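Enquirer: Those sequence lines, one after another, are chains A and B. Residues 1 to 113 (my numbering) make up the first sequence, in order. Residues 1 to 113 (my numbering) make up the second sequence, in order.
Keep in mind the hints are simulated off the structure, nothing from the lab. Please note that a few of the clues may not be correct.
As the list claims (entries may be wrong) - Derived DMTMM-like pairs (lysine to aspartate or glutamate); straight-line CA-CA distance at most 20 Å: (1) B/K105 to A/E44; (2) B/K108 to A/D86; (3) A/K11 to B/E41; (4) B/K105 to A/D86.
As the list claims (entries may be wrong) - To give a feel for the contact side, a few chain B residues facing chain A, derived at Cβ under 10 Å: (5) Y22; (6) P43; (7) V44; (8) L86; (9) L92; (10) L101; (11) G104.
Everything numeric in this text was worked out from a predicted model, so none of it was measured. Ideal placement from N, C-alpha and C gives every residue a C-beta, glycine not left out.
Single-letter residue listing:
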Amino acid sequence: GAGVSQTPSNKVTEKGKYVELRCDPISGHTALYWYRQSLGQGPEFLIYFQGTGAADDSGLPNDRFFAVRPEGSVSTLKIQRTERGDSAVYLCASSDRGPSGYTFGSGTRLTVV
Amino acid sequence: TQLLEQSPQFLSIQEGENLTVYCNSSSVFSSLQWYRQEPGEGPVLLVTVVTGGEVKKLKRLTFQFGDARKDSSLHITAAQPGDTGLYLCAGLSSGAGSYQLTFGKGTKLSVIP
Numbered sequence: 001g002a003g004v005s006q007t008p009s010n011k012v013t014e015k016g017k018y019v020e021l022r023c024d025p026i027s028g029h030t031a032l033y034w035y036r037q038s039l040g041q042g043p044e045f046l047i048y049f050q051g052t053g054a055a056d057d058s059g060l061p062n063d064r065f066f067a068v069r070p071e072g073s074v075s076t077l078k079i080q081r082t083e084r085g086d087s088a089v090y091l092c093a094s095s096d097r098g099p100s101g102y103t104f105g106s107g108t109r110l111t112v113v
Numbered sequence: 001t002q003l004l005e006q007s008p009q010f011l012s013i014q015e016g017e018n019l020t021v022y023c024n025s026s027s028v029f030s031s032l033q034w035y036r037q038e039p040g041e042g043p044v045l046l047v048t049v050v051t052g053g054e055v056k057k058l059k060r061l062t063f064q065f066g067d068a069r070k071d072s073s074l075h076i077t078a079a080q081p082g083d084t085g086l087y088l089c090a091g092l093s094s095g096a097g098s099y100q101l102t103f104g105k106g107t108k109l110s111v112i113p
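Please work from the sequences and hints to get the whole structure.
Expert: Shown next, in the form of structure tokens:
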């Protein structure tokens with residue numbers, strides 16, 4: 001596609017529920033990143049995929065967060081037992097040449113009530 | 001933990017004025033990027049600076065990377081309303097094959113017509 005596509009654009013869920021956020025990267029981009037941006041803050045790194053494997057998951061805050069990229073293209077960020085503190089904009093980016101080629105999607109705004 | 005501090009946090013100026021925003025860290029980064037983010041959108045990459053002392057120009061925007069690669073500045077000449085947005089700096093730490101970016105909190109710029 002022309003850009004990085006993230007769905008849904010907005011998600012409201014109740015505390016304790018499970019959510020899945022989807023990222024469709026630019027075609028051919030092997031690197032995919034997830035970041036989280038809380039209100040008034042810059043994006044914070046969550047996880048980096050190179051192909052199908054998670055090359056760096058050091059930013060995942062706890063074991064309620066998990067991400068997959070089974071075919072090396074679309075990625076899904078999964079959050080179990082959501083908490084109000086998980087409310088944020090979740091951004092996905094893809095690249096074909098390291099950070100110089102980062103393209104971000106518009107994000108999914110997650111609100112946990 | 002590597003931190004990037006941006007100043008000022010908020011800036012409101014009249015159209016036609018010049019401005020400079022700063023990005024400072026106690027850590028050395030292998031490269032530093034500047035992004036602009038508009039409400040409801042993901043950050044858009046403006047520039048990547050790699051070499052200490054490097055200066056890059058993008059129309060009315062001038063970016064400088066400090067000699068020690070710990071700080072950077074963005075200067076805008078003759079600001080226009082279209083420059084309004086959140087300006088984020090992000091540092092890249094080399095090593096371990098991970099292209100993880102550390103972002104500052106951003107400078108929110110408003111240019112008043």
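Enquirer: Would you mind marking each hint as holding or not holding in the structure?
Expert: Evaluation of the provided hints:
1. Proximity of B/K105 to A/E44 is assessed by CA-CA distance (about 10 Å); at most 20 Å being required, the pair is judged to hold.
2. Between the alpha carbons of B/K108 and A/D86 the distance comes to roughly 24 Å, so the proposed pair goes past 20 Å and is violated.
3. For the hint pairing A/K11 with B/E41, the CA-to-CA distance comes to about 16 Å; that is within 20 Å, so the pair holds.
4. For the hint pairing B/K105 with A/D86, the CA-to-CA distance comes to about 18 Å; that is within 20 Å, so the pair holds.
5. Restraint check, B/Y22 versus chain A: the minimum CB separation of about 15 Å is more than 10 Å; hint violated.
6. A least Cβ separation of about 5 Å between B/P43 and chain A falls short of the 10 Å threshold, and the interface hint therefore holds.
7. The beta carbon of B/V44 is positioned within 10 Å of a beta carbon in chain A (closest approach about 7 Å), and the interface hint is therefore held.
8. Hint status for B/L86 relative to chain A: holds, with the closest Cβ pair at about 9 Å, below 10 Å.
9. Annotation: interface hint on B/L92 holds; nearest CB of chain A at approximately 5 Å, less than 10 Å.
10. Interface hint status for B/L101: upheld, as the beta-carbon distance to the closest one in chain A is roughly 6 Å, under 10 Å.
11. A cut of 10 Å between beta carbons decides the hint on B/G104: the least distance to chain A is about 5 Å, and the hint holds.
When each numbered hint is compared with the structure, violations occur for hints 2 and 5.
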